[in-house]
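One-letter residues, chain by chain:
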Amino acid sequence: MMQTAIQTQGIAIEGLSVTYSNARLALYNVNCTVEPGSITALVGPNGGGKSTLFKAIMGFLQPDQGRIHIDGDPVQRAQKRQLMAYVPQSDEVDWHFPVSVFDVVMMGRYGYMNLLRIPSAKDRRLVMESLERVGMVDLRHRQIGELSGGQRKRAFLARALAQEGKVILLDEPFTGVDVKTEKRIIDLLMQLRREGHTILVSTHDLASISTFCDRVILINQTILAAGPTATALTEDTLTLTFGGLPLSSLQQLTAGSRLGSALDSPLTSAEVQP
Amino acid sequence: MSDGGVAIALWDWLIAPLQFGFMVKALWVSAFVGVVCAVLSCYITLKGWSLMGDAVSHAVVPGVVVAYALGIPFALGAFVFGFGATVAIGYVKSKTRLKEDAVIGVVFTGFFAFGLVLATKIPSNVDLFHILFGNVLGISQSDIVQTLIAGLTTLVIILLRRKDLLLFCFDPNHAKAIGLNTQLMYYTLLSVLALTIVAALQTAGIVLVVAMLVTPGAIAYLLTDRFDHMLMISVGSSVLACVLGTYMSYHLDVSTGGSIVVLLTLIFTVVMVMAPKYGILAQQRHPSQSPLSPEPPVL
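Chains as they are written, first to last, in numbering that gives the first Met the number 0: chain A, 0 to 273; chain B, 0 to 298.
No lab work stands behind these hints: they were computed from the structure.
Only a predicted model underlies this, so the values are computations on that prediction, with no experimental measurement involved.
Fair warning: there could be bad hints in the mix.
[To be verified] Heads up, incomplete: computed chain A residues facing chain B, CB under 10 Å, no partners named:
| no. | residue |
| --- | --- |
| 1 | 71 |
| 2 | 75 |
| 3 | 87 |
| 4 | 95 |
| 5 | 96 |
| 6 | 208 |
| 7 | 211 |
[To be verified] Think about it this way: if two alpha-carbon atoms lie no more than 27 Å apart in a straight line, the pair counts; the simulated DSS-like pairs of lysine-lysine are:
| no. | chain 1 | residue 1 | chain 2 | residue 2 |
| --- | --- | --- | --- | --- |
| 8 | B | 120 | B | 162 |
| 9 | A | 121 | A | 79 |
| 10 | B | 46 | B | 120 |
| 11 | B | 24 | A | 79 |
| 12 | A | 79 | B | 98 |
| 13 | B | 94 | B | 46 |
| 14 | A | 121 | B | 98 |
| 15 | B | 92 | B | 46 |
Cβ atoms here follow ideal geometry from the backbone N, Cα and C, with glycine treated the same way.
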């Protein structure tokens with residue numbers, strides 16, 4: 000199972016490009032790593048490819064080019080190993096669907112069950128423990144649409160916990176939640192880091208990043224900067240990311256040698272896969 | 000009429016037709032088909048596949064004609080063409096820039112038209128009217144057997160795979176993330192859809208079968224937030240409409256499939272207005288409470 004488990008349970012991405020079916024380029028030549036046991040923030044403007052990168056890592060879409068490894072395994076194997084858990088953006092969920100919080104969290108365990116998906120005692124225990132960790136035990140019989148914004152996030156976080164994935168991806172977990180919930184989620188993420196989880200969070204909330212993220216990856220259709228929060232999250236890199244170069248010039252840049260190497264430099268500082 | 004008179008009239012209305020073998024058969028078959036359609040309709044409405052149901056039902060026509068011409072069971076031909084249409088839809092969608100509804104529209108009408116041409120050209124004893132509108136009152140023994148096989152297969156598959164199918168309807172991305180085979184789930188749901196349509200062919204006919212595949216689930220979805228309750232309500236309303244519709248068809252000498260769907264639609268209309276939480280009246284009374292606005296109807 001463990002082949003080249005040098006970078007244990009981290010994510011390594013090399014030369015990743017994704018084009019949507021309408022021929023729009025979503026990601027171009029993305030190279031980065033997510034360090035194991037760290038909390039990494041994925042920062043970039045809307046439409047900058049954050050969600051696309053998440054979907055590629057989770058295996059929801061097929062990249063045109065490039066390779067993704069999680070804990071040394073390609074995505075499909077990593078899925079089978081239950082390595083990655085995903086907390087979706089709120090608008091990706093059908094909140095009218097007739098399932099309870101408990102049902103949703105139990106879905107985190109399906110990968111461990113036999114084909115009939117009959118939960119074992121262990122499955123039930125882990126579901127209850129996960130609900131407890133996010134403080135949702137009392138609400139477990141609620142239909143998911145009856146929850147507040149923060150409770151909805153916590154329900155899906157509980158599903159990720161129940162799945163026991165070592166790598167957890169959260170897509171915009173702080174949108175539409177109040178300050179108290181945000182703090183609660185951050186506390187939980189820091190606990191999970193202490194337990195050795197690798198966490199990747201996409202966020203708009205620049206202010207909170209430095210309080211709990213070890214590292215940042217700045218993305219706008221390609222990686223513009225990456226590294227420890229203190230050094231990589233600067234005014235310059237943020238301007239570069241959000242002021243943004245248009246995509247057309249990016250392609251020329253990376254093709255052309257002079258500016259291309261200038262663009263590459265933040266990448267090399269970001270521990271590109273050997 | 001006195002109360003006793005009404006009771007006797009009602010009794011007669013229900014019992015008198017049972018002296019005829021064909022009525023007993025028709026009632027059993029339509030109730031059975033009602034159960035099968037209702038169970039699947041919960042998944043179809045939640046997944047938003049109503050149009051797909053319509054497509055598959057129309058696409059089976061050439062299959063039925065070919066099967067009769069070749070002397071093989073109609074269910075086999077219908078299933079092959081119904082399922083084949085969904086594969087064709089998937090293929091065309093992945094190879095062109097067209098949106099799914101356009102692809103579905105093109106493919107199923109193509110299959111249907113081909114069926115019409117075949118039915119009017121190939122000399123056979125296929126009654127096009129019966130394919131289109133059903134003929135449960137005149138259902139033959141071999142057709143009953145085929146209906147039963149298709150329906151029972153559907154129920155067994157759904158029973159065994161119900162959790163995966165529900166997950167697939169709710170959150171296919173998560174299913175993928177935990178390494179489950181979503182492709183298999185997709186084709187499982189499509190094949191039970193085709194099988195259900197085959198089972199319902201004799202009762203409702205292909206034009207109306209989509210109502211039996213959507214309306215019971217839609218009724219139930221307006222009444223509950225729990226999937227197990229949804230299943231029960233769906234099955235209950237569907238069987239009620241199927242049984243009463245068959246009686247209605249006998250007494251009034253009207254189309255059976257039509258009667259069933261008219262009753263289903265009536266139930267739906269009442270529920271849509273009166274449903275305690277999601278009904279129109281309830282939503283007007285407590286507009287602030289209405290949890291978001293319901294998504295565009297899947298009908």
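Status of each hint after checking the structure:
1. 71: 16 Å, violated
2. 75: 8 Å, holds
3. 87: 7 Å, holds
4. 95: Cβ of residue 95 (chain A) sits 6 Å from chain B, so the hint holds.
5. 96: 5 Å, holds
6. 208: At 25 Å from the nearest chain B Cβ, residue 208 (chain A) fails the 10 Å test, so the hint is violated.
7. 211: Result: violated, 24 Å to nearest chain B Cβ.
8. B:120 x B:162: Violated, at roughly 45 Å.
9. A:121 x A:79: Roughly 19 Å separates the two Cα atoms, so the pair holds.
10. B:46 x B:120: Measuring from Cα to Cα gives roughly 38 Å; hence the hint is violated.
11. B:24 x A:79: With a Cα-Cα distance of about 49 Å, the restraint between residue 24 (chain B) and residue 79 (chain A) is violated, given a limit of 27 Å.
12. A:79 x B:98: 32 Å, violated
13. B:94 x B:46: 23 Å, holds
14. A:121 x B:98: 44 Å, violated
15. B:92 x B:46: 18 Å, holds
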